[in-house]
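Participant: Protein chains in written order, with our numbering: chain A, 1 to 115; chain B, 116 to 398.
Source of the hints: derived by calculation from the structure; they are not laboratory data. You may find that some hints are simply not true.
Derived, one-sided and incomplete: chain B residues facing chain A with beta-carbon distance under 7 angstroms [claimed, not checked]:
#1 Val280
#2 Asp287
#3 Leu292
#4 Lys315
#5 Arg369
#6 Met372
#7 Val376
If you anchor each label on the Cβ, the simulated ranges turn out as follows [unchecked claim]:
#8 Gln206/B / Ile28/A: 40 to 48 angstroms
#9 Glu296/B / Ile34/A: 46 to 54 angstroms
#10 Leu49/A / Leu164/B: 44 to 52 angstroms
#11 Ser19/A / Lys331/B: 33 to 41 angstroms
#12 Glu216/B / Pro38/A: 20 to 28 angstroms
#13 Glu296/B / Glu23/A: 26 to 34 angstroms
#14 Ile258/B / Val77/A: 47 to 55 angstroms
#15 Asn188/B / Glu39/A: 36 to 44 angstroms
#16 Phe27/A / Glu216/B: 45 to 53 angstroms
#17 Glu23/A / Glu356/B: 24 to 32 angstroms
DSS-like cross-link-like pairs, simulated, lysine-lysine; straight-line CA separation at most 30 angstroms [claimed, not checked]:
#18 Lys137/B / Lys238/B
#19 Lys54/A / Lys22/A
#20 Lys22/A / Lys137/B
#21 Lys238/B / Lys22/A
The C-beta atom is built at its ideal place from N, Cα and C for all residues, glycine as well.
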Amino acid sequence: MSSWIDRMFGRSPKVGSGSKAKERLQFILIHDRINLPPERLEAMKQEILAVISKYVAVDSQNVDIALQNRDRTPAIVADIPFYKPIPGIDPDEDVDTPPHDLSALDENDDEEKPE
Amino acid sequence: MAANVGAGGAPTQGRKPARGAKVITVTSGKGGVGKTTTTANIGVAMAQLQKRVVLIDADIGLRNLDIVMGLENRIVYDLVDVVEGRCKLRQAMIKHKQFAELYLIPAAQTRDKTAVSPADMVKIADQLRPEFDFILIDCPAGIERGFRNAVAPADEVLIVTNPEVSAVRDADRIIGLLEAENKGPANLILNRVKPDMIRKGEMLSPEDVTDILAIKLIGIVPEDESVVSSSNAGTPLALQEGSRAGQAYRDIARRLMGENVPFMQLEESGGFLKRISRMFGGS
Chain A
1 MSSWIDRMFG
11 RSPKVGSGSK
21 AKERLQFILI
31 HDRINLPPER
41 LEAMKQEILA
51 VISKYVAVDS
61 QNVDIALQNR
71 DRTPAIVADI
81 PFYKPIPGID
91 PDEDVDTPPH
101 DLSALDENDD
111 EEKPE
Chain B
116 MAANVGAGGA
126 PTQGRKPARG
136 AKVITVTSGK
146 GGVGKTTTTA
156 NIGVAMAQLQ
166 KRVVLIDADI
176 GLRNLDIVMG
186 LENRIVYDLV
196 DVVEGRCKLR
206 QAMIKHKQFA
216 ELYLIPAAQT
226 RDKTAVSPAD
236 MVKIADQLRP
246 EFDFILIDCP
256 AGIERGFRNA
266 VAPADEVLIV
276 TNPEVSAVRD
286 ADRIIGLLEA
296 ENKGPANLIL
306 NRVKPDMIRK
316 GEMLSPEDVT
326 DILAIKLIGI
336 VPEDESVVSS
346 SNAGTPLALQ
356 EGSRAGQAYR
366 DIARRLMGEN
376 VPFMQLEESG
386 GFLKRISRMF
396 GGS
């Protein structure tokens, strides 16, 4: 998608305030579009993490929950890695579950808690 | 189907005629981005291309389109007079000095937006449709009553914005409101573009703006000092052959008429313009 417009303006990769403007706009608009100010978003993230933590141990240092725009449609994208289960502690746990496959939640009805 | 190109303003009430004018509303959210200039110039450019055009100034209380069009001395009746039954629609239509089939319906200056309702606007547009090819509505700034009035009869919406954070943010809000009213997808006009600043990375580029807003770009209008002088004179600059902005507006008019017009190349030095061979839109 980059771009005939760039070429039209004979533009080199930019470093000026234009890119800052674009970044700021993207941040502003994502919150405008879902009508959710940053502090509410933060509260929502904490709740999501709290729910998931009831079922699995979350590697909270590496959680990434962010809003994205997909062609004007906002989406929340969550990357929530779990702690690697300690071998031998919980033989019933499905160790093959990929770290951020949230569908695993549906299967873990028996509330395994590695910690 | 009955022929609906009637003479002398026989009104067609009620539902929309199957044929007739396309109603295009020019809006922006933010004020001062060039809505009125855009409306005037597209109107004039369409008239130059032999289209029958009527411009409606929907900015009740803050009328401006008459001035940009150079018609302020000819106003007898206005939009509110029509709505309140003090005159016939025909009587409020001011004929342009140069084009026999270009008209302006001015806004009232001493009233406010609540003097007109969205239903009034739909009714007026429906009365005008059989006799024109295009009805252009100049929307006031904001997202309240005046905006809803201007958008109610629209078949198509043009969003004017500038390459600035606040103007683009407001444009996004407008796009959201239009989506909610099923008035989309709107087309975007990026106005007051400064190619040399974009080249230096100091201004949002057309690509940045379309990336963010995710709507189709229908025009890029370069910053052009002759916009001011033409407003001073009351002669829209689409009538001036040498003007870059005027050329951009003429191109927009043709795109709205369904032509596939390539974007012009905006060059820093000398200000001359050159067509690029790539076709409009790309996708």
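Participant: All the hints need checking, so say for each whether the structure fits it.
Facilitator: Going through the hints against the structure:
Annotation: interface hint on Val280/B holds; nearest CB of chain A at approximately 5 angstroms, less than 7 angstroms. A least Cβ separation of about 5 angstroms between Asp287/B and chain A falls short of the 7 angstroms threshold, and the interface hint therefore holds. The interface hint given for Leu292/B is violated, since its Cβ lies 12 angstroms from the closest Cβ of chain A, which is over the 7 angstroms cut-off. Interface hint at Lys315/B: satisfied, since its Cβ lies 6 angstroms from the closest Cβ of chain A, which is below the 7 angstroms cut-off.
Because the closest C-beta pair between Arg369/B and chain A is about 19 angstroms apart, greater than 7 angstroms, the hint is violated. The criterion of a C-beta within 7 angstroms of any C-beta in chain A is not met by Met372/B, whose closest approach is roughly 23 angstroms, and the hint is violated. The interface hint given for Val376/B is violated, since its Cβ lies 14 angstroms from the closest Cβ of chain A, which is over the 7 angstroms cut-off. Taken as a hint, the range 40 to 48 angstroms holds for the pair Gln206/B and Ile28/A, whose Cβ atoms sit roughly 46 angstroms apart.
Checked against the given bound of 46 to 54 angstroms, the beta carbons of Glu296/B and Ile34/A, roughly 19 angstroms apart, lie outside it. Restraint check, Leu49/A to Leu164/B: a C-beta distance of roughly 60 angstroms breaks the suggested window 44 to 52 angstroms. Separation of Ser19/A from Lys331/B is about 23 angstroms and departs from the stated range, judged on CB atoms against 33 to 41 angstroms. Distance hint check: the CB atoms of Glu216/B and Pro38/A are about 53 angstroms apart, inconsistent with the given range 20 to 28 angstroms.
Between Glu296/B and Glu23/A, the C-beta spacing of about 30 angstroms keeps the proposed range 26 to 34 angstroms intact. At roughly 29 angstroms, the beta-carbon separation of Ile258/B and Val77/A lies outside the given 47 to 55 angstroms, and the hint is violated. Between Asn188/B and Glu39/A, the C-beta spacing of about 55 angstroms breaks the proposed range 36 to 44 angstroms. As the Cβ distance of Phe27/A to Glu216/B is approximately 48 angstroms, the hint placing it in 45 to 53 angstroms holds.
Hint check: Glu23/A to Glu356/B, Cβ distance near 40 angstroms, so the stated range 24 to 32 angstroms is violated. At most 30 angstroms may separate the alpha-carbon atoms for a hinted pair to count; Lys137/B and Lys238/B meet this at roughly 14 angstroms. Straight-line distance between C-alpha atoms of Lys54/A and Lys22/A comes to about 39 angstroms, which puts the hinted pair past the 30 angstroms bound. Taking the CA atoms of Lys22/A and Lys137/B, the gap is near 34 angstroms; set against the 30 angstroms cutoff, the hint is violated.
The hinted pair formed by Lys238/B and Lys22/A fails the criterion: a straight-line CA distance of about 41 angstroms is larger than 30 angstroms.
Checked against the numbered hints above, the structure breaks hints 3, 5, 6, 7, 9, 10, 11, 12, 14, 15, 17, 19, 20, 21 and satisfies the rest.
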